[in-house]
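Student: The chain contents come next:
Number of protein chains: 2
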Amino acid sequence: MDLWFNEEFVPGLRVSFRVTKTLYQGKSRFQKIDVIETERFGRVLLLDGLTMFTSQDEFVYHEMIVHPPLLAHPNPKRVCVVGGGDGGVIREILKHPEVESVVLCEIDEEVIRVCKEFFPDMGASFSDPRVTVQIGDAAEYIRPQKDAFDVILGDTTDPIGPAVVLFEEPFYVSVKKALKPKGIFVAQIESVFIYGDIIPKVTRALRKNFQDCRLYGATVPTYPTGYWNFVWASDNVNPFDVNQERQRRICATCRYYTPEHQRAAFVLPAFAAELQA
Amino acid sequence: MDLWFNEEFVPGLRVSFRVTKTLYQGKSRFQKIDVIETERFGRVLLLDGLTMFTSQDEFVYHEMIVHPPLLAHPNPKRVCVVGGGDGGVIREILKHPEVESVVLCEIDEEVIRVCKEFFPDMGASFSDPRVTVQIGDAAEYIRPQKDAFDVILGDTTDPIGPAVVLFEEPFYVSVKKALKPKGIFVAQIESVFIYGDIIPKVTRALRKNFQDCRLYGATVPTYPTGYWNFVWASDNVNPFDVNQERQRRICATCRYYTPEHQRAAFVLPAFAAELQA
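Heads up: the sequence lines are chains B and L, in that order.
Under my numbering, read the first sequence as residues 30 to 306, first letter to last.
Under my numbering, read the second sequence as residues 30 to 306, first letter to last.
Some hints could be false.
Identical copies carry no separate label here, and so any pair may be met within one copy or between two of them.
Calculated pairs, SDA-like style, for lysine to any residue (alpha carbon to alpha carbon, straight line, at most 20 Å) [unchecked claim]:
1. Lys230 x Ala177
2. Lys124 x Ala299
3. Lys56 x Lys205
4. Lys56 x Lys124
5. Lys124 x Phe300
6. Lys124 x Asp187
7. Lys175 x Arg277
8. Lys145 x Gln54
9. Lys50 x Pro40
10. Lys124 x Val193
11. Lys50 x Val39
12. Lys56 x Pro158
13. Lys124 x Ser156
Hints were generated in silico from the structure; no laboratory data involved.
Turn these sequences into a full structure, and let the hints guide you.
Tutor: This is the structure we're talking about:
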C-alpha cells in the first residue's frame, strides 16, 4: 500500500509525505490528533489534519522561536508559553540557565499526553521542576497577570478555530500588561509568502501596544512555502544586543541557530517590508 | 477534472500544484519540455518533469543568483551564463549598467524558444544587443577561454543527466582559467536540507581551484524544502564589500534582494557549516 498524507495549506499547493505507519489516531474535546511515521521526515504530529511539526525538522522552528528573544533579554527569569503542548518550545527554553520558571498554557491536555508518548525527546521537558502546566484558555490565564513575565512566546496553531483570539488586539493588550517593562513577546505568524491579511492585521494591533514590532523568519522545509515567520514585539529592547558568552553556550546545543542568525533572521524579502511597516 | 502536477524530488516528499491548463508539451533532442498554468503559482516550466521555476516566485532565485556576485565585483563588464535558457538570469544581469556583454551557453535551443513564447517577461532579454547566445555544451565553450569573464554563473539543471559534468572538477578548472583574476563563479547547488553528497563534493573540488568557497541561500517557496543554495568561488573577493550607490539602484528593481541580503544570505543553518568547510 502506497500511503500519502496530503496537506493543501494554500489552495492549489500541496505538500505530501509518504506514510510508513499510522501510530495514533484520536480526537480530543478540541481537535483531531494524529501521529504518523513518514519515510522522509520521521514522526509527524497532525492537529485537525494539519502538520504541526515533523521530528526531522522541528528543531528549526523551536530554536528560532525561543533563542532570539531569550538571548536578547538580559535576564529572562520568568517565561510564559501560549500553546506549545508538544514540549519543543520548553525544551529550548530550559537550555537557558537564567530561566527560573516556565508557565505553559495549553488548551488541550490530550496534545501533551500524546506528545509525551510519541515524541519523548520533546515531551521529556515537562518533568523539569521549573515547568508549570496550565490547562485551559491562554487568553483567560494571561488577562489578570501584571508585570509577571520577562518573555511570552506564542507557539499556537494558526489563526483558525480556537486560536483566533490569540491573534487579536484584546489578547495583545493582556500580553503587554502581563510582561515586565523590558519584556518581549514573540509569536509564530505563518509565512510572508502566503500571509493573506493576518500579518498586517497582527503587526498593526501590536504596534498600538508596543513601541517596536518586527518580523523575522526561518527556513522550515516541511511548513508551507518552507519559510516561516515570527512577530517580535517589545518596548525598546534591541534584538541585536546579546551577551556573547550566553549566546555561545546556547549555540553549542543548536542545529540551526548560529550567532549570525540573531541579525540575519530579521532580513526579510523586499516585498515583505511593508507588512511590518 | 481536478488535475495535479506532482514532483517527488526527494523520495517520500512531494510538492504538487493544481493545474488549470496544459499550455505546451514537447520533446527536444535533450529533454521533455512542458509548460503548465497553475492555480497558485502562475506558469511553470518543467524539464523532464521537474519544476525549473514558476512565474510567481522565479524572481527570488534569479535575483539571488545574480546580484550578490555582480554587486561584489567592482566592475562586471563581461558575464557568462552556463545554462539559463529561460532568460531570467540575463534579465537580472542586464540591470547592471557596468555589463557590456553577456554570453549565454545553453545546450537546448528549444528551451529558449519555448520560454520566449510562454514567459515573455523573461524571454524578452534575449533581444538585448549585449547578449550573445551560444547553443551547445557549456563545458566545451568555456574550456578554451582564458581571462575572458568577470563573472560566470551556473544556472543549470540539477546534477543528473547532461548537467553532471558541470558539477565536476575538470569543469571548475576551466571556469577558473576562463575568469579574470578578480573573477567570481556562482552556481545553484540544490539545498543543504537535502544535499546528499553533491554539496561537499562540489565545495571540495572548487576549493582546489579557488582560495575562497562558500555557500549562500534564498527562500524559494516552490523548490524542494523551500530553501535553495548557491555556491560562491573566488580568489579573495570580499562578498560584503559592495558599492552602496550601485546596490541602491539594483534594489529599487528587486522584490526579494535588499542591501541586508548581501550578508544575511551567507548565514547558513548551523548543521550546514561543515558542508562548506
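Student: State for each hint whether it applies.
Tutor: Hint by hint, here is what the structure shows:
no. : hint            : verdict
1   : Lys230 x Ala177 : neither (26 Å within a copy, 52 Å between copies)
2   : Lys124 x Ala299 : between (34 Å within a copy, 17 Å between copies)
3   : Lys56 x Lys205  : neither (34 Å within a copy, 61 Å between copies)
4   : Lys56 x Lys124  : neither (32 Å within a copy, 56 Å between copies)
5   : Lys124 x Phe300 : between (35 Å within a copy, 19 Å between copies)
6   : Lys124 x Asp187 : neither (26 Å within a copy, 40 Å between copies)
7   : Lys175 x Arg277 : neither (32 Å within a copy, 45 Å between copies)
8   : Lys145 x Gln54  : within (15 Å within a copy, 50 Å between copies)
9   : Lys50 x Pro40   : between (27 Å within a copy, 16 Å between copies)
10  : Lys124 x Val193 : neither (30 Å within a copy, 44 Å between copies)
11  : Lys50 x Val39   : between (26 Å within a copy, 19 Å between copies)
12  : Lys56 x Pro158  : neither (29 Å within a copy, 65 Å between copies)
13  : Lys124 x Ser156 : within (14 Å within a copy, 58 Å between copies)
The structure is inconsistent with the numbered hints 1, 3, 4, 6, 7, 10, 12, although it conforms to all the rest.
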